[in-house]
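**Student:** Protein chains in written order, with our numbering: chain A, 4 to 332; chain B, 3 to 347.
Please keep in mind that the hints were generated in silico from the structure rather than gathered at the bench. Honestly, I wouldn't trust all of these hints.
[What the hints assert, rightly or not] When the alpha-carbon atoms are kept at most 30 Å apart in a straight line, the in silico DSBU-like pairs for lysine-lysine are as follows: (1) B:K100 - A:K71; (2) B:K192 - A:K71; (3) A:K71 - B:K202.
Computed from a prediction, not measured in an experiment: that's the story for all the values here.
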Amino acid sequence: MTATPEPAQNLIDRDRLNDVNLANQDGHNSFIDQGFTWLVQGFAMSVVIVLGWMSWVIFRQAQPAIEKFGFGFLWTQNWDINELTFGALPYIYGTLVSSAIALIIALPIGLAVAVVTSERFLPPWIRSPIAFVVELIAAIPSVIIGLWGIFVLIPFLQPVQQWLFQHLSWIPIFNSEPAGPSMLIAGIILAIMILPTIAAISREVLIAIPKELRTASASLGATQWETIFRVLLPSAISGILGAAMLGLGRALGETMAVTMVIGNSDQISTSLLNPGNTIPALLANQFAEASDGLHIGALMYLALILFALTLIVNMLAIVLVKFLKPGEA
Amino acid sequence: MAFSTVAFRRTLTTSVVTVAVAFAPILTAIAQAVTLNGAGATFPAPLYERYIAEFQRKNPDIKVNYQAIGSGGGIKQVIAGVVDFGGSDAAMTDDDIKKVGKGVLLVPTAGGAVAVVYNLPGVSNLKLSRTALPEIFAGRITRWNDPKIAQDNPGVNLPNAEIKSVVRADGSGTTFIFSNHLSAISPYFKGRVGVGTAPKWTTNPIKGKGNPGVAAQVSRTANSIGYVEYAYAKQNKLSVAQVQNKKGEFMMPSVESANEALSTIVFPANFRVFEGDPKSGYPITGLTWMMVYKQYDAEKSAAMKKWVEWVLTDGQAFNNGLEYTRIPTETATRALQAVKNEVKP
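Work out the full structure, taking the sequences as your base and the hints as a guide.
**Tutor:** This is the structure:
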């Protein structure tokens with residue numbers, strides 16, 4: 004190429020002309036384009052296929068339990084492996100309650116972290132370490148969080164639980180004497196685990212809000228807090244909801260950390276200070292030793308219910324986002 | 003340009019040669035080694051890991067793997083034929099054995115005791131009779147100052163407090179050994195709870211995941227009682243209760259008292275034992291088995307025999323050091339004979 008005797012100036016001009024020729028559709032290029040499109044579509048489809056395949060396998064393995072118990076499985080609450088009677092209610096209840104506690108705690112804290120790290124309250128050298136540390140929580144393996152829960156968090160929060168029982172026991176959710184592991188502790192552990200998801204995504208959403216909104220709000224005489232609560236948060240609401248739903252999805256499916264702190268009791272109790280159990284925790288505890296077909300079937304049925312729960316949560320999120328989006332309500 | 007090409011070629015050639023030289027021994031080792039894959043019970047996993055390390059030092063040409071996935075998982079994988087041997091704390095049932103096309107032998111490899119651990123402030127030498135222990139875990143005795151507990155503990159200041167029981171959340175051989183013993187000595191427990199790796203407890207206990215979960219719960223909750231593997235109780239210095247055996251003696255768990263219990267057990271021809279109440283020694287003692295097929299290909303059957311022979315002879319010397327009991331010598335010899343006769347290429 005360098006051997007061509009032509010002046011360099013001409014060459015560049017010609018190349019440029021070729022570059023800007025948008026109508027260029029020669030066969031070679033379009034073949035690559037086509038191939039790439041197929042490749043990308045293929046990858047996208049493979050995700051759907053894997054999900055469908057998993058659901059099919061779980062559904063088929065759950066078949067014995069579905070035939071035997073039908074929908075009654077959802078609202079009965081006897082789990083006896085020796086008698087081969089199974090009911091899912093305590094686990095569905097526990098999964099929903101522990102995740103709800105987690106969301107109630109993690110959403111305000113996560114939002115606070117997002118606001119503090121995206122606004123200019125603090126100098127950058129404090130802001131970015133805070134954001135970084137919160138995101139780092141997501142990198143801790145859940146079994147480590149669970150061990151920390153058993154050996155540090157439970158003893159640390161035991162006086163708090165005791166206090167709640169002694170002073171607020173007239174409220175049904177605090178009306179039992181705490182023994183250590185409890186639904187409340189599981190919710191708190193889950194809150195810690197989903198905090199980074201909520202904080203990081205909300206922060207990105209807040210940062211992405213166009214500058215004009217902020218300046219317009221300030222020029223109308225709004226204070227910084229008024230701007231945050233009346234302009235920034237409402238315009239970021241769909242993104243924040245998305246963050247909350249991603250967090251909730253993780254909370255619903257969390258296994259190891261939950262089973263280590265929830266007490267794994269098979270009884271439903273209104274008191275959050277009592278131990279409970281969740282679907283993933285039960286699966287993790289019993290699957291390795293399950294040998295009877297019906298027992299495995301019941302566990303798979305539970306897995307299917309968890310699938311459905313997550314699906315419902317995600318669909319609700321989509322509906323909610325559509326509903327809350329300004330101009331599309 | 004020309005220089006760089008030559009340099010590149012040289013580097014490439016050198017690296018290929020280096021890599022080939024470096025990996026050659028590993029490749030030949032892989033080519034020669036026979037691999038035996040096992041999976042199953044978690045209870046004997048630390049012992050099997052030690053066995054494997056020692057065995058491989060003497061037999062570098064045989065590679066043994068053991069995955070601790072639980073007894074139920076071990077039996078499932080043996081039936082599915084995806085492993086070369088399995089491990090289980092509960093002897094396979096007749097139905098399960100029938101499902102194994104190649105035929106299967108159960109080889110007892112070790113035994114272990116389950117310790118009853120408790121947390122009673124101010125009490126350090128609790129004794130539990132054959133009436134008290136099962137009824138506590140079946141929910142008939144609910145308070146610590148119950149006369150059925152007090153009568154064996156004269157002079158001990160038992161609190162007037164509710165008994166908080168702690169059990170395993172995950173299905174486990176430890177729970178099987180424990181519930182098997184309680185069912186053997188108490189029809190009441192057998193009727194209410196029964197035997198299993200995860201029976202339905204009627205006392206609404208707190209359930210901890212694994213031995214650490216139960217131990218953490220008991221050590222932190224006053225007035226609680228639970229059960230863990232003996233080795234675990236010993237390492238973590240938990241308060242251990244004395245348990246009454248068939249002779250009426252109150253026994254502390256130890257390798258010696260568990261060995262004594264095993265020595266009284268009569269092993270039938272197929273080595274399956276469901277005994278829950280040994281005549282003497284520490285009563286809450288159970289066994290763990292290796293499940294070995296009766297048929298392998300020529301290479302594997304030789305390796306398998308070598309491995310089982312080592313476990314039942316030299317390997318047994320490691321049991322006591324790791325707080326497991328030994329299989330009585332006469333039984334080990336019989337089991338070895340059975341493997342030699344029945345495992346065929």
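**Student:** Which numbered hints are broken by the structure, listed smallest first?
**Tutor:** Violated hints: none; all satisfied.
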